[in-house]
Amino acid sequence: GMPVEQNPPALSLYEGADSGLRCNFSTTMKSVQWFQQNHRGRLITLFYLAQGTKENGRLKSTFNSKERYSTLHIKDAQLEDSGTYFCAADETNAYKVIFGKGTHLHVLP
Amino acid sequence: ETAVFQTPNYHVTQVGNEVSFNCKQTLGHDTMYWYKQDSKKLLKIMFSYNNKQLIVNETVPRRFSPQSSDKAHLNLRIKSVEPEDSAVYLCASSYWKDTQYFGPGTRLLVL
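Going down the list, the protein sequences come from chains A and B. In the numbering used here, each number is its position in the first sequence, counted from 1, plus 111. In the numbering used here, each number is its position in the second sequence, counted from 1, plus 1.
Among the hints, erroneous ones may be present.
Simulated pairs of lysine-lysine, DSS-like, Cα-Cα distance not exceeding 27 Å [what the hints assert, rightly or not]:
1) 25/B to 171/A
2) 25/B to 207/A
3) 165/A to 53/B
4) 177/A to 53/B
5) 141/A to 80/B
6) 141/A to 171/A
7) 177/A to 25/B
8) 212/A to 72/B
9) 207/A to 165/A
10) 42/B to 186/A
11) 80/B to 186/A
12) 42/B to 212/A
13) 165/A to 80/B
14) 141/A to 72/B
15) 141/A to 53/B
16) 53/B to 171/A
17) 72/B to 177/A
18) 171/A to 80/B
19) 45/B to 212/A
20) 72/B to 171/A
21) 177/A to 98/B
Covered stretches of chain B (chain A as the covering partner; in silico rule of three or more C-beta atoms under 8 Å from a C-beta of chain A) [claimed, not checked]:
22) 39-47
23) 69-77
The hints are simulated quantities; they were obtained by calculation from the structure and are not laboratory data. Where is the CB? At the ideal position from N, CA and C, for every residue including glycine.
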């Protein structure tokens, strides 16, 4: 299978709702990153994780290398959270990252 | 606030031509990257450059070459463009293994 599988491919939710995105890996990864791409194509790094959990405001991400997955949780979704979310994982220490295909998130008013 | 600058914004060219894209960062970072995002929005790392060490994605064709004059600049040259090179090319910078900051991208169309 794909080295990085990202689910779901698309997601719609109403403002104020909570949701989770997930990436599964076919092999043990050393690190994972999560990015958001807005409607203008601008990429923003959300998290870089080598292990464990990080939180930033309404966003929280977990990386479990042993179980081969990472998650991104969005709490109290806002309209500006709409966009495409990508995870990228590296099985080396040399930044040879592999990206998931992205989750297109649409937050509805 | 923009701190990673890319030029040009757009470039249209014909098959076989040479193109060069510029990227400059003013954040004092020691690592710079080039990514390619194709028409299906799939992202791929092409190069990363850290303290004069170049790490290349082995799937990148040889007609692509990064060019760095100093740690604030990492340009991308494509020697002889092919139709499949049409994409958005994104430059980023960071401290090694830290948060990356992206430029606005250069959109290339090869006719």
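Status of the hints after comparison with the structure:
no., hint, in the structure
1, 25/B to 171/A, "31 Å, violated"
2, 25/B to 207/A, "22 Å, holds"
3, 165/A to 53/B, "31 Å, violated"
4, 177/A to 53/B, "33 Å, violated"
5, 141/A to 80/B, "34 Å, violated"
6, 141/A to 171/A, "19 Å, holds"
7, 177/A to 25/B, "38 Å, violated"
8, 212/A to 72/B, "30 Å, violated"
9, 207/A to 165/A, "22 Å, holds"
10, 42/B to 186/A, "26 Å, holds"
11, 80/B to 186/A, "46 Å, violated"
12, 42/B to 212/A, "8 Å, holds"
13, 165/A to 80/B, "42 Å, violated"
14, 141/A to 72/B, "26 Å, holds"
15, 141/A to 53/B, "23 Å, holds"
16, 53/B to 171/A, "34 Å, violated"
17, 72/B to 177/A, "35 Å, violated"
18, 171/A to 80/B, "42 Å, violated"
19, 45/B to 212/A, "10 Å, holds"
20, 72/B to 171/A, "32 Å, violated"
21, 177/A to 98/B, "20 Å, holds"
22, 39-47, "holds (count 5)"
23, 69-77, "violated (count 0)"
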